[in-house]
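Fit chains B and C to the supplied structure of chain A, relying on the hints for placement.
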Amino acid sequence: MNYVLKNLPVRTEKPRTTGFTMVMDKGMGIREVENFVEANSDFVDIVKLGWATSYLTKNLAQKIQIYKDAGIPVYLGGTLFEAFVIRGQFEDYRRVLEKFDLSFAEVSDGSISLNHGKKCEYIQILSKDVTVLSEVGSKDAAKIIPPYKWIEQMQSELDAGSWKVIGEAREGGNVGLFRDSGEVRQGLVEEILTKIPEDRIIWEAPQKEQQVWFVKLLGANVNLGNIAPNELIPLETIRLGLRGDTFDHFLGAHLM
Amino acid sequence: MNYVLKNLPVRTEKPRTTGFTMVMDKGMGIREVENFVEANSDFVDIVKLGWATSYLTKNLAQKIQIYKDAGIPVYLGGTLFEAFVIRGQFEDYRRVLEKFDLSFAEVSDGSISLNHGKKCEYIQILSKDVTVLSEVGSKDAAKIIPPYKWIEQMQSELDAGSWKVIGEAREGGNVGLFRDSGEVRQGLVEEILTKIPEDRIIWEAPQKEQQVWFVKLLGANVNLGNIAPNELIPLETIRLGLRGDTFDHFLGAHLM
Amino acid sequence: MNYVLKNLPVRTEKPRTTGFTMVMDKGMGIREVENFVEANSDFVDIVKLGWATSYLTKNLAQKIQIYKDAGIPVYLGGTLFEAFVIRGQFEDYRRVLEKFDLSFAEVSDGSISLNHGKKCEYIQILSKDVTVLSEVGSKDAAKIIPPYKWIEQMQSELDAGSWKVIGEAREGGNVGLFRDSGEVRQGLVEEILTKIPEDRIIWEAPQKEQQVWFVKLLGANVNLGNIAPNELIPLETIRLGLRGDTFDHFLGAHLM
Chain A
2 MNYVLKNLPV RTEKPRTTGF TMVMDKGMGI REVENFVEAN SDFVDIVKLG
52 WATSYLTKNL AQKIQIYKDA GIPVYLGGTL FEAFVIRGQF EDYRRVLEKF
102 DLSFAEVSDG SISLNHGKKC EYIQILSKDV TVLSEVGSKD AAKIIPPYKW
152 IEQMQSELDA GSWKVIGEAR EGGNVGLFRD SGEVRQGLVE EILTKIPEDR
202 IIWEAPQKEQ QVWFVKLLGA NVNLGNIAPN ELIPLETIRL GLRGDTFDHF
252 LGAHLM
Chain B
2 MNYVLKNLPV RTEKPRTTGF TMVMDKGMGI REVENFVEAN SDFVDIVKLG
52 WATSYLTKNL AQKIQIYKDA GIPVYLGGTL FEAFVIRGQF EDYRRVLEKF
102 DLSFAEVSDG SISLNHGKKC EYIQILSKDV TVLSEVGSKD AAKIIPPYKW
152 IEQMQSELDA GSWKVIGEAR EGGNVGLFRD SGEVRQGLVE EILTKIPEDR
202 IIWEAPQKEQ QVWFVKLLGA NVNLGNIAPN ELIPLETIRL GLRGDTFDHF
252 LGAHLM
Chain C
2 MNYVLKNLPV RTEKPRTTGF TMVMDKGMGI REVENFVEAN SDFVDIVKLG
52 WATSYLTKNL AQKIQIYKDA GIPVYLGGTL FEAFVIRGQF EDYRRVLEKF
102 DLSFAEVSDG SISLNHGKKC EYIQILSKDV TVLSEVGSKD AAKIIPPYKW
152 IEQMQSELDA GSWKVIGEAR EGGNVGLFRD SGEVRQGLVE EILTKIPEDR
202 IIWEAPQKEQ QVWFVKLLGA NVNLGNIAPN ELIPLETIRL GLRGDTFDHF
252 LGAHLM
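Taken in sequence, the protein lines are chains A, B and C.
Just so we're on the same page, my numbering is the position in the first sequence counted from 1, plus 1.
Just so we're on the same page, my numbering is the position in the second sequence counted from 1, plus 1.
Just so we're on the same page, my numbering is the position in the third sequence counted from 1, plus 1.
One chain only, chain A, in its complex shape:
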C-alpha cells in the first residue's frame, strides 16, 4: 500500500476463499480490460462475463487470456448456460468451456424453469471438468422464494458439487436477495446464514448500500459479487473502513 494506516481490518490475500470479490464485465473491450487488470488485479478474484455478453465480444480468447495472465480466472454468466440448456445444446456448452479453456462454470435457473434435481445433475456433470458456481434465486421480481427453499437448494447444490453458491441480484441489485427498491431482504440473509457456511456463499451486491450492509454484517472479508469494474477500489475501501459508510464500524473494534 502507499502509506501505513494503523488498525485496519486484515484482508485475505489471493488466492482467496473468503473476502472474495467477483467482478461483472458486461462487454469491456481489450484495451479496457488491459487497463482494468493493471490497476485492479490484486482486488479481483474472479471475473464473470455477464449473462451472454461473451457471445458478441470481439477477440474473446484474447480477452480471457489477459485476465488469466493477471491471475484472474473468468467464467461465463449463468444466463448463457441456460440459453444452451433450453435449446437442448448442453453438450455444445461443454465444448465452449473447452474451446476457451475455462476452469470455472456457473449453473443457474434464473430465467428458465429447471427441475431442481436436474439442476443438481448439471452441477454434478460439470464439476467433473471445472469448478462450479451455482446460483440460487430468480431474475423475476415476482417470484419470491421462501428462505427455507433457498437453504434447501443451496445445500443440495453444494452437495452436488458446487464450490460456492451465489445469491442472485442481477446487474441492477433489485431481485433475489433484494427488494425492488434495492433494500436487502435481511431476514432471508440471516436465515440462510444459520444453515449454510458463510465461506460457501457469494452475495451479489452491485449497489454501494448493499455492499456496506454485507460488510457491516459479515466483516471485511465477506464474499461479494456483481461488482462493477470501476467500483472495485471503492469496495475495497468499504471493506477496510476507509470510506464514510463503514468508517465508524471498524473503528469501534480497534480504536475507541
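It should be emphasised that the hints constitute simulated quantities derived from the structure, not laboratory data.
Please note that a few of the clues may not be correct.
As the list claims (entries may be wrong) - The calculated SDA-like cross-link candidates involving lysine to any residue, where the alpha carbons are at most 25 Å apart (straight line), are:
| hint | chain 1 | residue 1 | chain 2 | residue 2 |
| --- | --- | --- | --- | --- |
| 1 | A | K59 | B | M2 |
| 2 | C | K27 | A | G220 |
| 3 | C | K27 | C | K150 |
| 4 | B | K27 | C | I67 |
| 5 | C | K59 | C | R96 |
| 6 | A | K144 | B | K217 |
| 7 | A | K119 | B | N8 |
| 8 | A | K59 | B | D43 |
| 9 | C | K27 | A | I47 |
| 10 | C | K69 | C | E14 |
| 11 | A | K69 | B | N3 |
| 12 | C | K59 | A | I73 |
| 13 | A | K27 | A | V5 |
| 14 | A | K129 | A | S157 |
| 15 | C | K15 | C | V86 |
| 16 | B | K7 | A | F101 |
| 17 | C | K27 | A | D43 |
| 18 | A | K217 | C | G72 |
| 19 | A | K217 | C | V86 |
| 20 | B | K144 | C | G183 |
Relative to the frame of chain A, chains B and C by itself:
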C-alpha cells in the same frame, strides 16, 4: 460470433435501415473512441455527438475520422443546430457541417420555439447537402405534445426530406416519449405506429427497461437511439433474447 | 473551440479562482488518467483522489505526476485526513503529503467528531505547508447542521487559513447541501451566500440537476466539485448554456 446458439432472432446487418442503433457520445476522448470502435463497430450504425459537446471536444476532426474509418457516420446533436439557429447563425452551421465533412445532420426544436413550417424549411434546405434526421418532442417535461401532433409533425418532416424521425427522450430518458419516471408513454407510441412506418422512426431509449419494452413491442430489429457506449453489447443481448429481460420473449416464438 | 458561437457566457481561464471545477477520481488507472487529461485538461482545475482510494491505487506517484504534467494539481480526500487523525497519525499524514509532493490538502470532519477549534488548528498547521481546502457538512444524512452554523464554521475556517471551503455532498449528492432525494437545500445555500463570498466556496454537486441549479443561481463561473470524470464536458456545456437545461437561461441575457 464466438459460438453457435440455435434459434436466435435474425439481426439485420450493416448498413442497416432497420435494427438500427444510434449511440450517444457525450465527450469521449480519442483513446476511448479507439477502444470503443474496436470492440463495438458491428453494433453501431451511427454516433451522435450529444447536444453541443462537439464544441469542446479536443481533436474533433480526428475523432470523427476514427469513427468514419470504422464505418460509423457521425452527426452533431440537435441542440447544437438550435444554438446556431437562435443566434441567427444557420449559415455558419452549414459551414461547420462542411468543415468536418459530415454527411448527416439533425434538425430539432427541443429547446427553442420554432414555427413548424420553418422547421420543415430547414429540413428541406439541409437535405440537399446531407441526410437529415429530425427530432420530435420537447426537452421540457412540462410540454406534453398530444399524439395526433406527434404524428402530424413526423409526417410533415418526412415529407420535407427527413430520412428518419427521432422520438425525443434526452440522455436521461425522462421526457418526450417517457414520463418523468422513465415509464413509456405507451398509448403515444402505439398511436404513432398506426400512421408512421416503423422503419422511419428511431426511438430514443437510454434506459434498459425502455429498450426491453421496445424490443418486446417491435422485435429484435427495432430502431433505438441514445444508447450509452458501454450499454451497446448489453442492448445487443436484449435484442437477441440473451438477457433475462427478453429471454422468454423470443423463446416463445421458436422453442416452446 | 471547434467553431464560433456568438453570445456565449465568458468562462474564466486557468489558473481559475472562480468558475473552478474539482473532479473526483475514485480510483482510475494510469491509462484512464492519461486519456482523461488528454481530452479534458482545460476544464479541470483540481482533482480529488476520493476519500481513501489513494491507499490502494497502483503507481500512485506516477498517477499524480500525469495530472501535474497536465497542469492539474491533486489532493487527497478529506476522509483520508480523518483516518489519519482518528488513529493519532497526523504527523504521518503530513509525511504522506511530503512524500507525494502535494501542494493541496483537505481538512474535514465528515466522518469523525472533531472539536471545531481543533479542526481550525489543523487548518492553521497545514496551511503553512500547503494550500488548504476545508470541508463543512456531515456525511451522515441524519446530522442536519443549521445554516448559521455552516456560516460560522466556514468563516472561522477561512480565518484559520483555508483557501476555499467546500460544501459537502459526497459522491452521491444526497447529504450536506442536499436532501436524501438529491434536492438542493436552497434556503441553506442562499443564507450562506449572504455572509461568505461566493468565490471562497466550492459547492459539491455530483448530480446534473444540482449543477444546473447552481449555474442558474450563480452563473457560468460558479465553483463546483465532485464532478465525475465523464461528466466534465457535459458540465462545461451546462455552464455555457449549450445544453437543454440552461439553454434558455443564458439566451435571456444576450439574445431575447
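The hints, checked one at a time:
1. A:K59 with B:M2: holds, 8 Å
2. C:K27 with A:G220: holds, 22 Å
3. C:K27 with C:K150: violated, 30 Å
4. B:K27 with C:I67: Holds, because 24 Å separates the two Cα atoms, which is no more than 25 Å.
5. C:K59 with C:R96: At roughly 19 Å apart (the allowed maximum being 25 Å), R96 (chain C) and K59 (chain C) satisfy the hint.
6. A:K144 with B:K217: holds, 21 Å
7. A:K119 with B:N8: holds, 23 Å
8. A:K59 with B:D43: Distance ~10 Å between K59 (chain A) and D43 (chain B) Cα, so the pair holds.
9. C:K27 with A:I47: holds, 21 Å
10. C:K69 with C:E14: holds, 17 Å
11. A:K69 with B:N3: Holds: K69 (chain A) and N3 (chain B) sit about 19 Å apart, inside 25 Å.
12. C:K59 with A:I73: holds, 17 Å
13. A:K27 with A:V5: violated, 35 Å
14. A:K129 with A:S157: With Cα atoms ~17 Å apart, K129 (chain A) and S157 (chain A) stay inside 25 Å; holds.
15. C:K15 with C:V86: violated, 33 Å
16. B:K7 with A:F101: Answer holds: K7 (chain B) to F101 (chain A) is near 20 Å, not above 25 Å.
17. C:K27 with A:D43: Within the cut-off at roughly 17 Å; holds.
18. A:K217 with C:G72: Violated. K217 (chain A) to G72 (chain C) sits at ~40 Å, over the 25 Å cutoff.
19. A:K217 with C:V86: With a Cα-Cα distance of about 23 Å, the restraint between K217 (chain A) and V86 (chain C) holds, given a limit of 25 Å.
20. B:K144 with C:G183: holds, 24 Å
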